[in-house]
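**Student:** Start from the sequences and build out the full structure, keeping to the hints where you can.
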Amino acid sequence: MVDQNGRLGKLIEVEEEEYVSILYGAVVPNQPRALVLLDSNDRERGVLFLADFGGDQTPNHDLDTKLAVDFGTSNTSLAYSFNDGQPETLRFQLTPRPIWGKRRDVQHLELPGFFPYEWSATTTKGFYPTILLSRRSDARLTDDLEPEEISLDHLFKVDIPGLHKDLEQRLYEGRLNTTWKPHANLKWDLEGRTEPWRTLFLELTLLYAHADLFFNKGAMVDHYVFTFPLAFRKDDRESYHTKVKNALKQMRYYCYGASLMSHVNYDDKVDESTAIAESIGAIGNKSTMELFIDVGGGTCDIAVSHDRRFLVLDSIRVAGKTFFQFAKKNFSDDLEGSVHFRKHLGKLLQGANDGELKLINPDPSFSLDIIYSVGISGLDDQHFREREAAILRKGMGAYSYQRYRTRLLFRHIITYSLLQACAAAVDHRLKLPNGINLILGGNGWGLMLFAEFPRVSIRLRDEAQSILKTLKTQLAQHTTDEEREYLDALKISNLVLLNEDNLSKAKTNVALGALNADRVRAVGDRSLTMPYTGVTLEELQLSGANAQTIRWCERWGSASFKEKFPGVEQVEDGSFNMPDDLEKPFSGVLSAFTSIGNVRNQDQDNMPPTVWTNINGRITEFVSTLRGNVERLEVSPINHFLSEVLYSKKAASDYLDTLAEVNGNYKSNSRED
Amino acid sequence: MTTRRILGCVLLAAVCLMTGCEWIGFGSNTSQNTKSAKSAQSVAEIDFGGAENDVQAAIEKMKPPIRAGEPITVGQVKTDIGHAIEKLGNTENQIDQACASCPWEARVKAKEAFRLLNELDKTKLTNNSQEVTKLDAALKTEVQGKLDQAGQHLRDAAASMKSKSSDGQPAKSDSAAEPSFLDALIPAAKIIGAVLLLVLLAIGLMYLWQHSWKSVEINVARMVTAHSAAARDGQPDYTQKITSLSSAQKEMSNSLADLHTEIRSLARLVRESMSDRNDGRRHPTIPSYQNTVEEFSSKAEPEFPVSAFDYLGKMDRFANVVRPDFQNGILVNAPDGKGELMLIRDSRLPDETQPLFVVPRTTQFQTKQDFYTYYEKYYDCVRPSAGDVWIIDPAVVEKVSGGWQLREKGVLEVR
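In order, the protein sequences belong to chains A and B.
With the working numbering applied, the first sequence corresponds to residues 198 to 870, in that order.
With the working numbering applied, the second sequence corresponds to residues 298 to 712, in that order.
Derived from the structure by calculation, the hints contain no laboratory data.
Hints may be right or wrong, so weigh each one.
[What the hints assert, rightly or not] Example chain B residues on the side facing chain A (calculated, C-beta under 10 Å, incomplete):
1. N630
2. P632
3. T650
4. S682
5. D685
[Said to hold, decoys possible] Computed cross-link-like contacts, DMTMM-like style, restricted to lysine to aspartate or glutamate with a CA-CA straight-line distance of at most 25 Å:
6. K635(B) x E315(A)
7. K674(B) x E213(A)
8. K362(A) x E673(B)
9. K674(B) x D560(A)
10. K299(A) x D613(B)
11. K674(B) x E215(A)
12. K635(B) x E370(A)
13. K674(B) x E214(A)
14. K635(B) x D560(A)
15. K555(A) x D613(B)
16. K299(A) x E710(B)
17. K674(B) x D578(A)
18. K362(A) x D633(B)
19. K696(B) x D551(A)
20. K555(A) x E673(B)
21. K674(B) x E315(A)
22. K299(A) x E637(B)
23. K299(A) x D633(B)
24. K362(A) x E637(B)
25. K378(A) x E673(B)
26. K674(B) x D363(A)
27. K362(A) x D622(B)
28. K299(A) x E673(B)
29. K635(B) x E583(A)
30. K299(A) x E416(B)
31. K635(B) x D577(A)
32. K378(A) x E637(B)
33. K378(A) x D613(B)
34. K635(B) x E213(A)
Quick caveat: nothing in here was measured; it's all calculated off a predicted structure.
Built from N, CA and C at the ideal position, the CB exists for glycine as well.
**Tutor:** See the structure below:
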């Protein structure tokens, strides 16, 4: 291809006998104007001139354009705003225009590797699954490719299948596997296999975003916000932002030319907890505390706000992926209600009336969470509602394992968040006449149907009220009379479930909120929003300093330690006083998380004593390995207890399965009548 | 299993408790009796009553006989006195030892009686063979007087002993406090035992009730199932009729689609005919609709291999767009025209009498992944690539409920 300036495009062989010619990097307009014809020996044999079809594509330079990207574990969403106006979700609409030959969208058959002719449901929903496909034909396009080595060629050898309409079923069946290799779990670099796929996904996303804003809205992006979860540790966060900035430079070079390449106005301060809080636009006041809980794919992001000031910003690794971690057991174990669950998945994702969902894609990366994410992305809201209602009508079956674990999951998320809110109220001595206003966002709440919880605010408010009562009872043992007054005054005054009416709003709000964040409320000192310890550590010894008790309502982290242990610069391994009886939780707060799993009496903890011995040991180990572990100075002990102990990634130590078994919701042959 | 265990435990506990009560009951009685016997034995160590009887017998012998008979000798009187002394003890020390626990008064009276009797035996009555009637009157009166005194002392001693017994009641009741406590325990234990027995009976009854209720439920369920089955057998089975109605509806829908295609073909023929008329050329004879149908039906099907373009061009009026129904693994009609395959089927003929082919809707592949993504399930292709699609062997399907199922994979070639 030759552009209007006579410049030959870059020719890339993406597959045997498949080529792409790219016009890029020009500061001036460079629309296609001719095709150079080559013979089989790659000799130029002539030029075919094209009619002028582009028209005027001059952008509006007066628009100050911001682009926000919520790169989620399961789904990704984008938003934009002009001149600090009202942010809008970016819904891709641009379609290819053939300059020669036959349109391939005539038969409505989308193929990966091409710019989408028909966009997936993203045009209405505003988000799409975070999944990438890479061509198998390029031997260099492997896990070993460093992000810095990614070139323009690679960008055209990958695709985002979630953006193409009606590719879900082909993905599910593995029909694309011959040509393409799927890559999921791009956000968390747990096993060093995230790159180069994460960078490629972000670059392609940015290419589509820049193209859509330029051709459909005449805008060039001036300012970028990429949100991140607070569960990202410092190293992860810095690495993420560095790679994103590099990707942005590349993309700006391809789209806008070399002169605008380096001029990247990038905001790396907006975390997802802040973003979800800012998206609501709630007006903070002195009489109410706002508690934002955003349940996404990989993390649950929490923000506690009072009088327009953040008191806690926190993130736990208990979210959608956690759900699928235990949900997949229904496909291999003979669990109570597993058939019901598989049929419900068949109904929800494929519209089957009585057919079970089967995991048929042979690619190991195509796990249940990916199938779910892809399946749901192809569903419009109306279909989801109908199928959800049908599933709720049928129920999960007697003693259902999945229902038990799902209920426990959502109860744990609420318990953790309310514990942070309680600690904030006591620490700041807040007597709140109007109590707590809970705001629930994120796609994760859509999984509540498997807990037989309808997506109804009032139902969840009752649940939260009951959990708050249990928490207060347990915390009463660790509070002074004065502190108890602040606790007693707490109540759930209101609960807003963002996806109650609008299913997509819960997800798209993060990107929208990110654009509000720096405009409305500056991100403050992190040490003032660090999470609370959550559980009292008696006589904590740290770095040889005098032992100090860290109470449940005191903040965790380096800043707090420096205040508590004057003169200590380097945090060494710690230890604290454990009671002699290790066969019960060393603090009553812990049992608040397990007693809510007792199906007969939610006030009583029926976790077996031997399990408590292990759990107590795991928390002791956490405190004793603080030295040189930056991550553990950012994750509070109560967060560790929930994210890493109760929801351990190791299946062998799934203590909640033990609790399920004790309560009769496990394997069918394990339950005594 | 658990119920059985509970029942067993309760039964065992009840048996143990009740047996224990019995042991306690017997134990206390035995102890009580032993203690009573010991007490009686200590009280009766000097037989004051017996001694007095002997003294009385001696007194009677000293009196003048009422009837004539063998005369009573002094020796006979002395025998009675000797018996009385023997009962009291042969010495005063023996009386003290034997009557250590006796009241002082009784001991004194006993010793007094002993001294009197001993004096009579040793000093006053010396000639055993002498008849009593022939004794000196003064001696006789003295002997009778002393015997009366001894008898009185013995009666007094016995009385003292009796009064001691009555004075000792509180002490006796103290020693009897244990048996009375046990006496109180026994009824309590019996009550508890009775309550446990009742509980046991109640549990047993409940257990039996549950089992019998389960049996009733099972029997009722069997009866209901049997009745339902009978009722169902008695009723006509509408399921098949509904299914066949559904199939008929689908058939009708297909026929309507075919009819629609026919009408479009007819319209095209008419349009072509009209345009031919208008272009001034010689007009061929306009075939009637009937003729057209006959012409089409008599047209020979293209032979394979054939390019997809040619095949679809020739079989256009027999072709319907179909798409996969992933859930059921079949091909279904695509009324919206969005589908990658064409089903070649003459709707005027029954499906059983004609081969049903499924061919690609696209006549050219732009990339090889066109094949892999959409057609690999229905066709084999040695070297898929960009190019014209040729059908070497068509894929064959068969009619199933709700659509068509692949019976035989076809073969494609790209040229």
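**Student:** Let me make sure I understand: some of the numbered hints might not hold for this structure. Which ones are they, in numerical order?
**Tutor:** When the structure is compared with the hints, numbers 1, 2, 3, 5, 14, 15, 17, 30, 33, 34 turn out to be violated.
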